[in-house]
Amino acid sequence: MNIKILFFGITRDLVAQSSINFTISPKSTVKELKVALLKTFPKLEKYAQFSIAVNESYALETAILKENDVVAIIPPVSGG
Amino acid sequence: MISYFSTKSISILLSCFSILISNQKLDLQSCVNFVSDDACGAIATFIGTVRNNTQHKDVKLLDFSTYKPMALKEIEKIALLALEKFDIYKIAIHHAEGALQIGELPVIIAVSSAHRKASFEACQFAIDTLKKTVPIWKKEHFTDGEVWVNATP
Chain A
402 MNIKILFFGI TRDLVAQSSI NFTISPKSTV KELKVALLKT FPKLEKYAQF
452 SIAVNESYAL ETAILKENDV VAIIPPVSGG
Chain B
30 MISYFSTKSI SILLSCFSIL ISNQKLDLQS CVNFVSDDAC GAIATFIGTV
80 RNNTQHKDVK LLDFSTYKPM ALKEIEKIAL LALEKFDIYK IAIHHAEGAL
130 QIGELPVIIA VSSAHRKASF EACQFAIDTL KKTVPIWKKE HFTDGEVWVN
180 ATP
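Chains A and B, in that order, are what the protein sequence lines are.
Per this note's numbering, residue 402 is the first one in the first sequence, and the count goes up by one each step.
Per this note's numbering, residue 30 is the first one in the second sequence, and the count goes up by one each step.
Accuracy of the hints is not assured; some may be wrong.
To be verified - Derived pair list, reagent style BS3-like, types lysine-lysine, alpha-carbon separation capped at 30 Å:
| id | chain 1 | residue 1 | chain 2 | residue 2 |
| --- | --- | --- | --- | --- |
| 1 | B | Lys161 | A | Lys447 |
| 2 | A | Lys405 | B | Lys160 |
| 3 | B | Lys114 | A | Lys435 |
The hints are simulated quantities; they were obtained by calculation from the structure and are not laboratory data.
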């Protein structure tokens, strides 16, 4: 199935893209997506602590992804 | 979400907060005006300002980027939680995005309450939580390079 991935902060610089379309097996979990992403973008390995948001809310690693979900890669935040 | 707020109706709650992410200069007076009320004896404000140095290096500017729709949702959660948790009347949380020069204001929080303690506590809660949860990132620009703050494990 296809999902959209958005990169922010340092991860946007590392992958040199702000968003990509990504194909992953149906019913993949957030954890499985992380593993697949690290394989595609080994540079992210150093930042494996990033959080994931699905459709604009923080998601647990056990959350199950759906077709067309919008997934955001959230490196440690530094607002304020 | 609605079920937490048994004591105040949602429509009243919605008129009790002002949230903003803007690429224009933030305005302290408009935050204070928003929270100000005759029933309140206290207004606490927190103003974040761009400092000219970090870890002994000269900072030229800070560049803030946001995941805006989610950042607004997370800021709204903080405002609603503060209204639920503390005996406050109104809260404003405004954050800037884009490049800010030394002395400019990345964030303003204003809170009003009948008595000062609740305003101080809610103001601290709001800025501490914002720094942990809201998807906003700053890049420090130095004379000799740039670095994403908090990014390195």
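Distance restraint between B/Lys114 and A/Lys435, which requires alpha-carbon spacing of 30 Å or less: violated, 35 Å
Distance restraint between B/Lys161 and A/Lys447, which requires alpha-carbon spacing of 30 Å or less: holds, 20 Å
Pair hint A/Lys405 and B/Lys160, alpha-carbon separation not exceeding 30 Å: This hinted pair holds, its Cα atoms lying about 26 Å apart.
The structure fails to meet hint 3 from the earlier list, while all remaining hints are met.
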